[in-house]
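S.K.: Sequence:
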Amino acid sequence: MNIPDTVKPIKNIIRNDVDPNLSEREMRVINILAQCHAAFMDSINIWPNKLKGIKKLQSLIRWGVLWSYSLGEKEIVTLSPVSERIAGTKAYIPGKTREVLKIVTASELFIRALSKVPCTFERAQSPLQGILKIGDYSAGVIVLLKGDKILSQPDINCLVICEDKDHITKTADSISFPALFTTYDALIEKDISEAFHIYEDKLYPVRLNIFQ
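Going by the numbering used here, the sequence shown opens with residue 1, and the numbers climb by one from there.
Hints listed in this document are in silico derivations from the structure and should not be mistaken for laboratory results. Hints are supplied without guarantee of correctness; some may be wrong.
Stated by the list, open to error - Here are the simulated BS3-like cross-link-like pairs (lysine-lysine), alpha carbons at most 25 Å apart as the crow flies:
1. Lys74 with Lys8
2. Lys8 with Lys146
3. Lys146 with Lys56
4. Lys116 with Lys96
5. Lys56 with Lys116
6. Lys165 with Lys74
7. Lys74 with Lys52
8. Lys146 with Lys116
9. Lys170 with Lys202
10. Lys11 with Lys50
11. Lys74 with Lys190
12. Lys202 with Lys165
What the hints assert, rightly or not - Ranges of calculated distance between the beta carbons of each label pair, as one might list FRET restraints:
13. Arg85 with Leu180: 36 to 42 Å
14. Lys52 with Ile188: 19 to 25 Å
15. Ser115 with Ile14: 30 to 36 Å
16. Ser152 with Lys55: 41 to 47 Å
For each residue, glycine too, the CB sits at the ideal point set by N, CA and C.
Could you build the full structure based on these sequences and the hints that come with them?
M.R.: Here you go:
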């Protein structure tokens with residue numbers, strides 16, 4: 001996973017004269033970002049017609065309802081001062097690129113889970129990016145980049161996203177909490193119910209019925 005050098009604002013328009021009349025789907029976008037901080041532009045496009053969705057998101061950015069940043073070659077979006085008032089939570093201001101990359105990767109998992117089943121994503125302390133809740137089921141979400149070390153062991157089942165399978169193997173040997181593993185590529189290429197593995201001396205694929 002390439003780590004970009006910088007995060008740069010693209011279009012962060014401050015509007016004090018906007019009281020937007022948002023559609024149900026636009027409100028869903030704001031609700032998602034309120035839970036997960038930031039997301040890739042193409043991931044937060046939850047419209048069935050993706051071209052229409054891009055135009056809707058670009059309109060929200062032009063009106064200052066969302067803010068956009070470049071993260072390497074990709075564009076990410078966050079809440080703005082306008083939408084933080086709507087959501088009742090503070091907008092996330094991107095900082096160090098490693099942390100931003102972890103946040104949007106965890107958001108990818110949440111958005112893909114949300115496309116399958118009703119769920120929420122609650123913020124949590126390190127090493128967790130958040131806690132995914134599906135009915136009575138809860139799992140911590142951890143995103144690890146090469147060079148990261150887990151300094152505390154969560155007391156919750158975790159979904160761990162690593163850079164590649166070799167990274168999973170090295171990571172699995174160093175943790176003591178129950179975990180299922182995936183890579184970013186597997187997360188975006190596979191159905192989320194089939195993207196995870198359990199590690200017991202080697203990786204075994206598992207099917208997660210919670211996403212069905």
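S.K.: Now look at each hint and say whether the structure bears it out.
M.R.: Okay, the hints, checked on the actual structure:
1. Lys74 with Lys8: 11 Å, holds
2. Lys8 with Lys146: 23 Å, holds
3. Lys146 with Lys56: 36 Å, violated
4. Lys116 with Lys96: 31 Å, violated
5. Lys56 with Lys116: Judged against 25 Å, a Cα distance of about 22 Å means the pair holds.
6. Lys165 with Lys74: Roughly 24 Å separates the two Cα atoms, so the pair holds.
7. Lys74 with Lys52: 19 Å, holds
8. Lys146 with Lys116: 30 Å, violated
9. Lys170 with Lys202: Holds - the C-alpha atoms of lysine 202 and lysine 170 are around 11 Å apart, at most 25 Å.
10. Lys11 with Lys50: At roughly 21 Å apart (the allowed maximum being 25 Å), lysine 50 and lysine 11 satisfy the hint.
11. Lys74 with Lys190: It holds: about 21 Å lies between the C-alpha atoms, which stays within 25 Å.
12. Lys202 with Lys165: 10 Å, holds
13. Arg85 with Leu180: 36 to 42 Å: 37 Å, holds
14. Lys52 with Ile188: 19 to 25 Å: Because 22 Å falls inside the window, the suggested range holds.
15. Ser115 with Ile14: 30 to 36 Å: Given about 32 Å between the Cβ atoms, the range holds.
16. Ser152 with Lys55: 41 to 47 Å: 44 Å, holds
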